[in-house]
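First to last, the sequence lines map onto chains W and L.
48 is the number that the UniProt record's numbering gives to position 48 of the first sequence; each next residue is one higher, with no gaps.
38 is the number that the UniProt record's numbering gives to position 38 of the second sequence; each next residue is one higher, with no gaps.
Fair warning: there could be bad hints in the mix.
Note: identical chains are not told apart, hence a pair may lie in one copy or across any two.
[As the list claims (entries may be wrong)] The list that follows gives simulated cross-link-like pairs (lysine-lysine, DSS-like), each with its CA atoms no further than 27 Å apart: (1) K58 to K81; (2) K51 to K81; (3) K21 to K81; (4) K51 to K85; (5) K58 to K21; (6) K85 to K58.
Calculated from the structure, these hints are not laboratory results.
None of these values were measured; they are calculated from a predicted model.
So the chains spell out like this:
Protein chains: 2
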Amino acid sequence: MMEFSQHLCPKFERALEILGKRWTSMIVYQLLSGPYRFVNLEQSIPNLSGKVLSERLKELEAEGIIQRDVYPETPVRIEYKLTEKGRGLAPLFTEIAAWAEQWMEPPADLPES
Amino acid sequence: MMEFSQHLCPKFERALEILGKRWTSMIVYQLLSGPYRFVNLEQSIPNLSGKVLSERLKELEAEGIIQRDVYPETPVRIEYKLTEKGRGLAPLFTEIAAWAEQWMEPPADLPES
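Work out the full structure, taking the sequences as your base and the hints as a guide.
Listed below in structure tokens is the structure:
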């Protein structure tokens, strides 16, 4: 298993910074299930505002983690989807799911699923 | 590999919420290398204010991810360290490091390490 040194390698620190931003991991996770249009992505994540979603999508696009596909239909259709780099994050969510399953209590208002 | 459904299991969503908070993953990562005193933890993470660090430590302690050890010395010594639940996050950072190594460019101002 990886040795964890106090020294943060720049690439790793940059990755933590990107992934550690509020909502980013939730957005990437949703896109792992396929392309989304803006309005559907916004609806799929409770409490996420359109403004913040728009910011995060721009950041993720600039990082090459997602791509924005424009379909010249009427009206124009725009979809967001993960790039290969973005799909490379899938194992991260597999680990989060395993950790959550082992350690997290179900929220008080919900029966054990 | 895990099938990614649009439906967010409550435990998983809760885990994403906790880990997705700004600075949380960076703080947990630092603690993977061992216990820290507040001031050293604050110094080890650039741009992180004492106020936010204090908030995150309280949240992480409430979630059972870290523990706060008080040593009755003079002056009193207080250390923060990961619990077993917290150490369970280590594979997550191994995945982030692997992803960063494969996909991230070194920041422009730094030579390839």
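Each hint tested on the structure:
Taking the shortest Cα distances, K58 and K81 sit within 27 Å of each other inside one copy (12 Å), while across copies they are farther apart (36 Å). Taking identical chains as interchangeable, the C-alpha atoms of K51 and K81 lie at most 27 Å apart only when both belong to the same chain, with a minimum of 19 Å there against 37 Å between chains. In this assembly of identical chains, the alpha carbons of K21 and K81 lie at most 27 Å apart whether taken from the same copy (19 Å) or from different copies (23 Å). Proximity of K51 to K85 under the C-alpha cut-off of 27 Å is restricted to the intra-copy arrangement: shortest distance 24 Å within a copy versus 34 Å between copies.
Within a single copy, K58 and K21 get their C-alpha atoms as close as 13 Å, and across copies as close as 19 Å, so both meet the 27 Å cut-off. For the identical chains of this complex, K85 and K58 are intra-copy neighbours only, at 16 Å inside a copy versus 34 Å across copies, given an alpha-carbon limit of 27 Å.
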